[in-house]
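Student: In case you want the letters, here they are:
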Amino acid sequence: MTINTLMICGSLRKGSFNRALMNALPPLAPAGMTLGEAPPFRGFPLYDADLQTSSGFPADVVALADAIRTADGVIIISPEYNYTIPGALKNALDWVSRLSDQPFKNKPVAIQSATGGPLGGARMQYHMRMA
Amino acid sequence: MAQTKFDEKTLTLKDEPTRKIVAQQLTAFEAFVARVKG
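Each protein sequence line maps, in turn, to chains A and B.
The numbering of the first sequence is numbering that gives the first Met the number 0, which starts it at 0 and goes up by one.
The numbering of the second sequence is numbering that gives the first Met the number 0, which starts it at 0 and goes up by one.
No wet-lab data here; the hints were simulated from the structure.
Please note: incorrect hints may appear among the correct ones.
Covered stretches of chain A, going by a simulated chain B footprint (3 or more residues, C-beta under 8 Å) [claimed, not checked]:
hint: 1; region: 21–30
hint: 2; region: 69–78
hint: 3; region: 104–112
Predicted, not measured: the structure shown is a model, and the values here were computed from it.
From the three backbone atoms N, C-alpha and C, an ideal C-beta is built for every residue, glycine too.
Just chain A, same shape as in the assembly (with noise of 0.2 Å):
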């Protein structure tokens, strides 16, 4: 059985530590296991109920939560920003969670941070985990 897993960064720098730690990752993953990094993020404009309701889901938020959909499993990848989830991240998130067909329902996520500081980016993990 093979296990298609996304990886989603949540560092929109070129020469993140987060990114370096995602690409790092397919060469380390045991034989079973195929790693694809996810579709974009950066262009979501900020999450607006108004939006949705008068022009629906961008596509590319549609295309995030397929690709959330269709991987057996997710690994985000993210720094601490200000104590928390950065936040084109988490606005790439409230987006997607607001298809009626919840791309991240039943999905195994596990959640890395790199970071420059002792504490290793607890303080975003713990807020993902209630994301």
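Model the placement of chain B on the given structure of chain A, informed by the hints.
Tutor: Structure of chain B alone, referenced to chain A:
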């Protein structure tokens, strides 16, 4: 600290103990996903 675990220029994960821990995490996650998937 992340800055000590990655190569400064290539951003390759160079710290061997970290690589081993991450590989163990992936193996454990694979088993967990397989159990959930049935």
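Student: Decide, hint by hint, whether the structure agrees.
Tutor: For each hint, the structure was consulted:
1. 21–30: holds (count 6)
2. 69–78: Our answer is that it holds, as 3 residues pass the Cβ test (under 8 Å) against chain B, meeting three.
3. 104–112: holds (count 4)
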